[in-house]
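Protein chains in written order, with this note's numbering: chain A, 1 to 399; chain B, 1 to 399.
No lab work stands behind these hints: they were computed from the structure. Just to be clear, a hint being listed does not mean it is correct.
Said to hold, decoys possible - Which bits of chain A does chain B cover? Going by a derived footprint, with three or more residues having C-beta under 8 angstroms, they are:
| id | stretch |
| --- | --- |
| 1 | 211 to 224 |
| 2 | 317 to 323 |
| 3 | 340 to 349 |
| 4 | 361 to 371 |
What the hints assert, rightly or not - In silico DSSO-like pairs for lysine-lysine, Cα to Cα no more than 27 angstroms straight-line:
| id | chain 1 | residue 1 | chain 2 | residue 2 |
| --- | --- | --- | --- | --- |
| 5 | A | 292 | A | 198 |
| 6 | B | 133 | B | 292 |
| 7 | A | 54 | B | 5 |
| 8 | B | 133 | A | 292 |
| 9 | A | 344 | B | 54 |
From the three backbone atoms N, C-alpha and C, an ideal C-beta is built for every residue, glycine too.
Protein chains: 2
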Amino acid sequence: MINIKEFSAGAVAAGIKYKNRPDLGIIYSPCPCVTAGVFTRNKVKAAPVIHGMKRLCGGNPYIRAILVNSGNANACTGAEGLAHVERLTGVAESALGLNPGDVLMCSTGVIGQPLPVERMEQAISALAPELNKDGLSDVAGCILTTDTVKKEAMRRFECGGAPLTIYGMAKGSGMIGPDMGPPCATMLAFILTDASVKPGFWQRALERSVEASFNKIIVDGDTSTNDTVLALASGAAGNSVISGGNDAEVLQVHLTEVLQELAKKIVQDGEGATKCVNVLIEGAMDDNEAEKIARTIARSPLVKTAFFGQDPNWGRILAAAGRAGCHLDPERIELLIDDIPIVKNGTGTGSELEAKAKSAMGNREFMAVLRLGLGKGRARITTCDLSTDYVRINADYRT
Amino acid sequence: MINIKEFSAGAVAAGIKYKNRPDLGIIYSPCPCVTAGVFTRNKVKAAPVIHGMKRLCGGNPYIRAILVNSGNANACTGAEGLAHVERLTGVAESALGLNPGDVLMCSTGVIGQPLPVERMEQAISALAPELNKDGLSDVAGCILTTDTVKKEAMRRFECGGAPLTIYGMAKGSGMIGPDMGPPCATMLAFILTDASVKPGFWQRALERSVEASFNKIIVDGDTSTNDTVLALASGAAGNSVISGGNDAEVLQVHLTEVLQELAKKIVQDGEGATKCVNVLIEGAMDDNEAEKIARTIARSPLVKTAFFGQDPNWGRILAAAGRAGCHLDPERIELLIDDIPIVKNGTGTGSELEAKAKSAMGNREFMAVLRLGLGKGRARITTCDLSTDYVRINADYRT
Chain A
1 MINIKEFSAG AVAAGIKYKN RPDLGIIYSP CPCVTAGVFT RNKVKAAPVI HGMKRLCGGN
61 PYIRAILVNS GNANACTGAE GLAHVERLTG VAESALGLNP GDVLMCSTGV IGQPLPVERM
121 EQAISALAPE LNKDGLSDVA GCILTTDTVK KEAMRRFECG GAPLTIYGMA KGSGMIGPDM
181 GPPCATMLAF ILTDASVKPG FWQRALERSV EASFNKIIVD GDTSTNDTVL ALASGAAGNS
241 VISGGNDAEV LQVHLTEVLQ ELAKKIVQDG EGATKCVNVL IEGAMDDNEA EKIARTIARS
301 PLVKTAFFGQ DPNWGRILAA AGRAGCHLDP ERIELLIDDI PIVKNGTGTG SELEAKAKSA
361 MGNREFMAVL RLGLGKGRAR ITTCDLSTDY VRINADYRT
Chain B
1 MINIKEFSAG AVAAGIKYKN RPDLGIIYSP CPCVTAGVFT RNKVKAAPVI HGMKRLCGGN
61 PYIRAILVNS GNANACTGAE GLAHVERLTG VAESALGLNP GDVLMCSTGV IGQPLPVERM
121 EQAISALAPE LNKDGLSDVA GCILTTDTVK KEAMRRFECG GAPLTIYGMA KGSGMIGPDM
181 GPPCATMLAF ILTDASVKPG FWQRALERSV EASFNKIIVD GDTSTNDTVL ALASGAAGNS
241 VISGGNDAEV LQVHLTEVLQ ELAKKIVQDG EGATKCVNVL IEGAMDDNEA EKIARTIARS
301 PLVKTAFFGQ DPNWGRILAA AGRAGCHLDP ERIELLIDDI PIVKNGTGTG SELEAKAKSA
361 MGNREFMAVL RLGLGKGRAR ITTCDLSTDY VRINADYRT
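Hey, can you work out the whole structure from these sequences and the hints?
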């Protein structure tokens, strides 16, 4: 059982979209937690995102609990949607014996439907007394939508003179396409640690780790209205407060690892995905151009359907790179699938190597390495294939 | 039968990819034609594109014939690919009794394979004596790849004191995603007219019409290595040479109409497409932002799968608009499917109107009109849905 000092948690079936499926959860801390948050940069923001951003930008970075639901995103719901967030966080605050502003809310699910607030109020009141130290995994389960598996990650390490733990849970399967630059995120993720940290440092640390993890994955390239990452540090480990220096670096490394593990799990569980593909660009003019090219390849429907068909159709990868609006000399291009070179000097290396690449593409995970031979720019984006199941899932989503 | 003074044409089965399917064509003019061309802006350009751009930028805008093949794009084929273009245009020039440089070549099909030049040489020699005035539709057929129907359009009108004709043929079904700004194009299209025009005017006229047609469609958003539009004006109509003024405007209008008709036929025949959707943005800050938002919606996999599922999932359309990086006030947004308002003030108008919209989305063509209420910016992009068949076609393309 996962257990992070001094958090308790639990989940319950509130009947938000489906019956008898846990869809509402609470994570609770007995003491105020230093809280960092990053949110979607989509101009269309869901009510809980608007509420959460306002709350965390208000100069008081301490919260006590997260209220989360799946089945309904509470997005594009206008003033009523915001009122629902106020009302439900208020109910949770009362039920947990907390002060106004101590609870943040996150939602995920269908856009444009009002929340079933009465049912949710009853669920919150029933759940609050049942929270327990082993309930985190139940919350990780109740936040799933089209996800097929729970996504959790944990690291234990020594830092600031004490053994620390960072635990994270995430959900996300479709509408996964990060907008760049903090503060932003690409899905729902809750990071919990017993570390003692300074608020300003903790916010910057989260932004940095998000940039190196969730902001480097693409499932379909669509950016959600509800993307939120919250990181709560309880301080229960009793370490010396971390705000910079070597301790900060150690914490950052482990935080990034947790987020990267969660990010990868999101891609592996991408809607309809059968493969996880690491697109690595080397030798671009600079890192920016490398990332633009990697993203263009990772979003190309023709590249992604070729991945699905296990077809080393390198022409599509080169064509996608060529339309990214970056420097490119076709005659210098090399392309490898894992370590199999299928393009040299901009043209194919023959059917034998292609056959080997085809076989490598049968694995659940492989690399596509594009070397441009122009400069030192590098980037890596992790993506998945585009399958008939992706279309089926999303053509039928609301029915 | 389509017949444009004084062009002759024909097609033959050269066995380039499939047996017994016409895949090589020639369009021929007995006199030099004023020729305009726009080409893909993809940095990875196929050999015939490199050859054609060089030929047309050389200061001599007169050509006599187009040699075209399907089944093989001759892209990413290095120096050998360029040598093949030289060799095959040379064979065509000899067979047609023309001078070096009189023939332009276009190719479409799989990337990265050498052309079967011997078979193509024999086919050219056999075809050259067989060209005839009724052969244009045969060429329109031989250029198809994953297309399911021929695409042709024609306008007859009075201009410069003579009755003129503009005829166009096009191919394109997948890898359809125009790069913006001339000179560029999105697929293969050949425009033939008997009009007498000045070269500089003709090139600018073609660029303008391409911008208003092919550059405003998206199937999958991938930009090809081979996109080419060639426009040949024979002058056989005997009109006074058009270079500006009212005649130029009349000609431009009809040219744009022909290109728009062909562009729409490409979307209607998009790979796996079941619906043609006109995405219209009104009230954006400016036209540029309107076009960015329209393109983001038209490329969104979640929006396109909802179109396929006939699901008026307006939340996905708003979410796509929100990530376009443009000005947006969610609370002012209105969305109509045809004339049915399903979003007002940024939120849904209820299940009754959604049911009507769902029914409208069952048609082969409908409008999605997004009104932002911010300014006077407008744009229109024509796109199609994303179906399971799109994935099937592209997962299996090379097998």
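We went through each hint and held it up to the structure:
{"no.": "1", "hint": "211 to 224", "result": "holds (count 5)"}
{"no.": "2", "hint": "317 to 323", "result": "holds (count 6)"}
{"no.": "3", "hint": "340 to 349", "result": "holds (count 5)"}
{"no.": "4", "hint": "361 to 371", "result": "violated (count 0)"}
{"no.": "5", "hint": "292(A) to 198(A)", "result": "violated (34 angstroms)"}
{"no.": "6", "hint": "133(B) to 292(B)", "result": "violated (43 angstroms)"}
{"no.": "7", "hint": "54(A) to 5(B)", "result": "violated (70 angstroms)"}
{"no.": "8", "hint": "133(B) to 292(A)", "result": "violated (48 angstroms)"}
{"no.": "9", "hint": "344(A) to 54(B)", "result": "holds (25 angstroms)"}
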